[in-house]
Amino acid sequence: MNMELSRRQFLGAAGAGVAATTLGALGFGDIEAAHAEAIRAFKLVSTTETRNTCPYCSVACGVILYSKGDRKKGEQAEIIHIEGDTDHPTNRGTLCPKGSALLDFVKSETRLKYPMIRKPGSDKFERVSWDEALDRIVRLMKDDRDANFVEKNKDGVTVNRWTTTGFLAASATTNETAWETYKVVRSTGMLVFDNQARV
Amino acid sequence: MTNSWTDIKNTDLVIIMGGNAAEAHPCGFKWVTEAKANRGAKLIVVDPRFTRSASVADLYAPIRQGTDIAFLLGVINHCIQNDKVQWDYVKAFTNAAYIVKDGFAFKDGLFTGYDEAKRDYDKSTWDYVIGLDGYAVVDDTLTNPRCVWNLLKDHVSVYTPDMVERICGTPKDKFLKVAEMIAECSSPTKVMTSMYALGWTQHSKGSQNIRAMAMLQLILGNIGMRGGGMNALRGHSNIQGLTDVGLMSNLLPGYLTLPIEKEVDLETYMSTRGFKPLRPNQMSYWQNYRKFFVSFQKAMWGPAATPENDFAYDWLPKLDLPGYDVLRAFELMNQGKMTGYMCQGFNPLLAAPNRKKLTDALSKLKYLVTMDPLDTETARFWENHGEYNEVDTAQIQTEVIQLPSTCFAEDEGSLTNSSRWLQWHWPGGTPPGEAKTDNWIMAQIHVRLKELYRREGGKFPDPIVNLDWAYADANEPTAEELAKEINGKALATVYDTADPTKVLAEAGKLVPGFAALRDDGSTSSGCWIYAGCFNENGNNMARRDTSDPDETGAYSKWAFSWPANRRILYNRASADLNGKAWDPSRKLIEWDGAKWAGYDVPDIAPTAKPRDVGPFIMNPEGVSRLFSRAMMRDGPFPAHYEPFESPVGNLVAPNVRGNPAARVFADDFKQFAEPASAEFPYAATSYRLTEHFHYWTKHVRVNAVLQPEFFVEISEELAAEKGITGGGWVRVWSKRGSIRAKAMVTKRIKPLICDGKPVHVVGIPLHWGFTGAARKGFGPNSLTPFVGDANIETPEYKAFLVNIEPIAGPVA
Ligand code: SF4
Numbered sequence: 010m011n012m013e014l015s016r017r018q019f020l021g022a023a024g025a026g027v028a029a030t031t032l033g034a035l036g037f038g039d040i041e042a043a044h045a046e047a048i049r050a051f052k053l054v055s056t057t058e059t060r061n062t063c064p065y066c067s068v069a070c071g072v073i074l075y076s077k078g079d080r081k082k083g084e085q086a087e088i089i090h091i092e093g094d095t096d097h098p099t100n101r102g103t104l105c106p107k108g109s110a111l112l113d114f115v116k117s118e119t120r121l122k123y124p125m126i127r128k129p130g131s132d133k134f135e136r137v138s139w140d141e142a143l144d145r146i147v148r149l150m151k152d153d154r155d156a157n158f159v160e161k162n163k164d165g166v167t168v169n170r171w172t173t174t175g176f177l178a179a180s181a182t183t184n185e186t187a188w189e190t191y192k193v194v195r196s197t198g199m200l201v202f203d204n205q206a207r208v
Numbered sequence: 141m142t143n144s145w146t147d148i149k150n151t152d153l154v155i156i157m158g159g160n161a162a163e164a165h166p167c168g169f170k171w172v173t174e175a176k177a178n179r180g181a182k183l184i185v186v187d188p189r190f191t192r193s194a195s196v197a198d199l200y201a202p203i204r205q206g207t208d209i210a211f212l213l214g215v216i217n218h219c220i221q222n223d224k225v226q227w228d229y230v231k232a233f234t235n236a237a238y239i240v241k242d243g244f245a246f247k248d249g250l251f252t253g254y255d256e257a258k259r260d261y262d263k264s265t266w267d268y269v270i271g272l273d274g275y276a277v278v279d280d281t282l283t284n285p286r287c288v289w290n291l292l293k294d295h296v297s298v299y300t301p302d303m304v305e306r307i308c309g310t311p312k313d314k315f316l317k318v319a320e321m322i323a324e325c326s327s328p329t330k331v332m333t334s335m336y337a338l339g340w341t342q343h344s345k346g347s348q349n350i351r352a353m354a355m356l357q358l359i360l361g362n363i364g365m366r367g368g369g370m371n372a373l374r375g376h377s378n379i380q381g382l383t384d385v386g387l388m389s390n391l392l393p394g395y396l397t398l399p400i401e402k403e404v405d406l407e408t409y410m411s412t413r414g415f416k417p418l419r420p421n422q423m424s425y426w427q428n429y430r431k432f433f434v435s436f437q438k439a440m441w442g443p444a445a446t447p448e449n450d451f452a453y454d455w456l457p458k459l460d461l462p463g464y465d466v467l468r469a470f471e472l473m474n475q476g477k478m479t480g481y482m483c484q485g486f487n488p489l490l491a492a493p494n495r496k497k498l499t500d501a502l503s504k505l506k507y508l509v510t511m512d513p514l515d516t517e518t519a520r521f522w523e524n525h526g527e528y529n530e531v532d533t534a535q536i537q538t539e540v541i542q543l544p545s546t547c548f549a550e551d552e553g554s555l556t557n558s559s560r561w562l563q564w565h566w567p568g569g570t571p572p573g574e575a576k577t578d579n580w581i582m583a584q585i586h587v588r589l590k591e592l593y594r595r596e597g598g599k600f601p602d603p604i605v606n607l608d609w610a611y612a613d614a615n616e617p618t619a620e621e622l623a624k625e626i627n628g629k630a631l632a633t634v635y636d637t638a639d640p641t642k643v644l645a646e647a648g649k650l651v652p653g654f655a656a657l658r659d660d661g662s663t664s665s666g667c668w669i670y671a672g673c674f675n676e677n678g679n680n681m682a683r684r685d686t687s688d689p690d691e692t693g694a695y696s697k698w699a700f701s702w703p704a705n706r707r708i709l710y711n712r713a714s715a716d717l718n719g720k721a722w723d724p725s726r727k728l729i730e731w732d733g734a735k736w737a738g739y740d741v742p743d744i745a746p747t748a749k750p751r752d753v754g755p756f757i758m759n760p761e762g763v764s765r766l767f768s769r770a771m772m773r774d775g776p777f778p779a780h781y782e783p784f785e786s787p788v789g790n791l792v793a794p795n796v797r798g799n800p801a802a803r804v805f806a807d808d809f810k811q812f813a814e815p816a817s818a819e820f821p822y823a824a825t826s827y828r829l830t831e832h833f834h835y836w837t838k839h840v841r842v843n844a845v846l847q848p849e850f851f852v853e854i855s856e857e858l859a860a861e862k863g864i865t866g867g868g869w870v871r872v873w874s875k876r877g878s879i880r881a882k883a884m885v886t887k888r889i890k891p892l893i894c895d896g897k898p899v900h901v902v903g904i905p906l907h908w909g910f911t912g913a914a915r916k917g918f919g920p921n922s923l924t925p926f927v928g929d930a931n932i933e934t935p936e937y938k939a940f941l942v943n944i945e946p947i948a949g950p951v952a
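From first to last, the protein sequence lines are chains F and V.
For the first sequence, the working numbering gives the first residue as 10, with consecutive numbering after it.
For the second sequence, the working numbering gives the first residue as 141, with consecutive numbering after it.
Incorrect hints may appear among the rest.
To be verified - Covered stretches of chain V (chain F as the covering partner; in silico rule of three or more C-beta atoms under 8 Å from a C-beta of chain F):
#1 319 to 331
#2 500 to 512
To be verified - Simulated pairs of lysine-lysine, BS3-like, Cα-Cα distance not exceeding 25 Å:
#3 496(V) with 128(F)
#4 599(V) with 163(F)
#5 887(V) with 897(V)
#6 122(F) with 182(V)
#7 897(V) with 128(F)
#8 887(V) with 116(F)
#9 163(F) with 477(V)
#10 263(V) with 182(V)
FYI, nobody ran anything at the bench for these hints, they're computed from the structure.
Glycine included, every Cβ here is placed at the ideal spot set by N, Cα and C.
Working from the sequences, and respecting the hints, build out all of it.
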């Protein structure tokens with residue numbers, strides 16, 4: 010790839026590589042180099058960096074996720090820091106008050122962890138397994154579809170539509186999820202289908 | 141956006157109207173600062189509030205919410221009256237010269253063909269005169285009184301500066317200053333950009349707000365130009381993508397449309413989608429519609445979509461109504477006509493209008509499914525939270541299934557920003573607990589439903605059991621597999637139609653772009669406008685090359701910009717009739733005698749001669765439309781209509797209430813306050829704060845600390861009149877609900893004088909609910925009316941009526 014020396018690479022070189030290159034190049038002797046090596050390494054050097062974009066507004070600022078552990082190697086990865094991506098042409102490293110606090114979104118106490126069911130009339134959610142939750146959902150869907158699917162309208166024209174169950178799609182899922190969602194929803198004949206473009 | 145965030149640095153004048161970029165899109169707004177600092181660009185802000193965008197503007201003009209069309213048509217009138225028109229552009233690149241049918245007229249606030257009972261128009265006269273040669277008749281001299289230009293001139297003549305002041309409450313001198321600054325940009329070497337967002341869309345005539353500005357930009361010759369364009373800032377990170385991929389009741393991906401029930405077969409469906417050119421030589425790009433449609437059907441149903449079964453045409457549901465948008469969904473639910481509802485990353489209990497109606501509607505469902513990284517109010521609509529969610533839990537029989545999904549940091553794929561850039565991102569963290577990706581969840585629903593149909597049989601299983609699902613792991617398609625499917629594949633070898641010896645794509649390979657798509661079933665493509673995003677060159681959305689030759693702001697090798705990696709739409713219009721840049725310092729593409737070339741991918745066939753083929757290739761005319769024919773439900777020109785709830789009557793059409801073509805359900809009409817209501821005298825509006833993003837960041841500790849508590853904003857004048865003190869408690873109520881808040885008394889809002897009468901504005905930010913880390917509070921949707929834009933049903937959140945009074949605060 011025809012890539013310029015990026016702003017971030019430059020900053021990186023000036024940080025972690027300082028003892029090995031810059032000081033030596035400037036002609037400092039061994040004592041200074043040994044002193045530089047004794048200084049505690051920059052905390053984020055030991056983390057995995059991952060490129061991402063801010064999920065909030067549609068400026069889509071570039072961000073870098075820093076995690077302990079590397080998902081690509083199949084490890085548990087805990088994100089410990091998020092900052093703006095200085096290479097990104099739009100935000101050039103800056104983030105607004107929302108993007109700056111993304112770490113607290115990832116780690117919010119009200120992040121959901123388990124599937125839950127609230128039974129009719131109940132005043133609480135109860136934890137269930139994924140299998141229970143999903144099998145229940147498709148049971149409810151199929152019962153409704155089989156009862157209310159319209160194959161032909163009153164004029165005998167084939168219409169193959171289902172209007173008694175609806176689907177509201179998101180605003181921040183990926184295009185790939187959107188496409189998969191489109192396939193799954195449309196293949197059932199569902200018409201009550203919308204996204205969050207309006208609000 | 142027609143342009144991009146980084147292109148804004150090229151502008152001479154920014155107008156922010158219908159948005160507040162400095163607070164809602166802060167890191168994009170920096171490109172306005174860049175243009176101001178580096179090229180002396182000016183900034184105009186027109187808004188009911190003195191926002192942070194206004195605080196750094198060269199000129200701020202107040203306006204009453206819901207009157208933007210009167211303002212903009214006033215500016216167009218000013219430009220016409222003062223000959224501030226880029227004439228060469230208007231004559232060659234718009235339909236100014238086209239002759240309109242004789243029956244068409246506008247009288248007493250209505251266009252020809254209005255049917256009051258249906259709240260709809262017979263639009264048959266809203267079109268061009270077609271000549272014997274089959275082409276639209278034009279008068280290049282613009283002297284025919286029936287040409288679009290003369291009809292427009294007449295249509296806008298009522299919007300004088302005095303009338304603008306009476307309707308909008310904008311002082312005449314301020315309006316004239318704005319109009320003069322804008323009119324300067326009629327020079328071919330001065331360019332204005334329009335930045336707008338939900339301040340324009342969330343009105344019962346939102347689409348026409350945007351059209352009015354688009355018309356102005358055409359008259360000034362600013363569309364297709366570097367530093368120009370119509371730039372929708374958009375709300376959420378991928379709302380552009382979700383719309384492009386067509387997740388709406390009446391859409392197929394790439395702005396194709398779902399059949400209606402009258403379209404009994406593929407041939408009937410195609411008969412109204414032929415898009416025959418309306419002028420000689422025009423590209424009329426939608427002539428390729430069938431290629432995109434058939435390729436979509438192949439992406440859906442693979443080998444089961446065949447020429448014999450009309451490529452599975454019958455497997456698409458057929459519409460009996462214009463659309464089943466979210467407002468209609470809740471209306472049907474409230475009527476007891478729905479069984480189930482599924483919300484993926486969407487919190488409608490706070491996001492849709494008229495909260496009480498929403499709660500009633502959800503309570504009538506048999507089942508509700510939510511998929512979200514966060515604990516939303518919608519998932520807990522049945523839970524009693526005192527005044528913040530006053531429900532009788534035991535009475536609510538809805539079964540609710542709440543599924544935990546991953547967030548951006550744990551997920552892979554692309555998002556499309558408002559610059560139309562598809563940017564790939566990678567997961568950096570492990571999801572909490574048992575949270576799963578949306579890809580996995582949606583696959584589970586499909587695979588398990590399919591299994592039930594295979595085992596039990598049931599109603600019309602064909603489209604479900606035959607859905608193309610050839611993923612390596614049927615339980616969880618990968619983002620890459622899905623991206624390739626969106627891009628499209630050659631199912632048989634595709635040859636160049638101009639040169640049949642030339643192979644465009646070998647069988648089994650990814651198509652290079654949408655020009656390789658075919659209508660015979662030999663190609664597939666999930667979303668044609670995204671073709672090229674992931675082709676044999678690799679994942680173009682993941683590109684990170686920051687080079688930008690001559691610093692035009694294009695960044696053509698960063699990510700992928702749809703369509704075809706084009707960075708500025710309509711860029712052919714940046715050059716004059718001979719193909720030379722209107723402004724050499726803003727060169728985008730030029731005609732070199734044989735082809736178009738320059739900084740961007742040409743938005744025209746590369747060898748189309750400049751005088752033959754018009755720049756607006758998607759239109760069968762080849763030109764842009766000042767008169768939109770029958771494309772919009774509420775008129776071929778925008779006209780001033782008051783919001784459904786308005787503090788004053790309609791001055792230019794006293795007998796018309798609201799937008800006459802907007803859909804209103806019977807029960808909702810009864811819940812609107814009368815115009816100039818004594819009971820609800822104040823004009824309310826809603827907006828975001830810079831510290832929060834919708835209903836997400838109240839779950840985020842830092843943001844909850846920054847703005848912990850719900851409040852409403854009012855002027856010092858209204859506070860004095862009502863005896864309200866800053867920080868004191870108030871009750872705000874509309875005909876649909878009542879909320880309690882702290883009052884923020886501010887100089888940022890001032891009363892407007894409309895037709896001699898003072899109008900007070902009440903500002904209501906939208907970030908609070910009853911879950912999350914912030915304090916419990918209310919949102920504007922407890923108050924707002926249940927009515928949407930006439931064309932696309934965006935709820936009227938920006939203009940409604942309330943009353944306000946001071947109350948005693950809660951006991952601490
Ligand atoms: S950091 Fe702020 S400006 Fe950037 S994408 Fe996120 S919300 Fe938008």
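| said: Checking one constraint from the list: CA of residue 887(V) to CA of residue 897(V), max 25 Å. Satisfied? | reply: 20 Å, holds
| field | 25 Å limit on alpha-carbon distance, applied to hinted pair residue 163(F) and residue 477(V) | value | 18 Å, holds
| said: Would the hint linking residue 897(V) and residue 128(F) be met if the CA-CA limit is 25 Å? | reply: With Cα atoms ~54 Å apart, residue 897(V) and residue 128(F) exceed 25 Å; violated.
| request: Assess, step by step, whether the Cα of residue 263(V) is no farther than 25 Å from the Cα of residue 182(V), and give holds or violated. | output: Violated, at roughly 41 Å.
| Does residue 163(F) lie within 25 Å of residue 599(V) when you go C-alpha to C-alpha? | Holds, at roughly 18 Å.
| query | Is residue 122(F) within 25 Å of residue 182(V), Cα to Cα? | reply | Violated. Residue 122(F) to residue 182(V) sits at ~49 Å, over the 25 Å cutoff.
| said: With the threshold set at 25 Å, check whether the alpha-carbon distance from residue 887(V) to residue 116(F) stays at or below it. | reply: Violated, at roughly 38 Å.
| message | Checking one constraint from the list: CA of residue 496(V) to CA of residue 128(F), max 25 Å. Satisfied? | response | 22 Å, holds
| said: Cut-off 8 Å, C-beta pairs, minimum 3 residues; does the coverage of the stretch 319 to 331 of chain V by chain F stand? | reply: Contact hint for the stretch 319 to 331 of chain V vs chain F: violated, 0 residues under 8 Å.
| task | Count the residues of the stretch 500 to 512 of chain V whose CB lies closer than 8 Å to any CB of chain F, then report whether that count reaches three. | result | Answer holds; 4 residues pass the 8 Å Cβ test.
Checked against the numbered hints above, the structure breaks hints 1, 6, 7, 8 and 10 and satisfies the rest.
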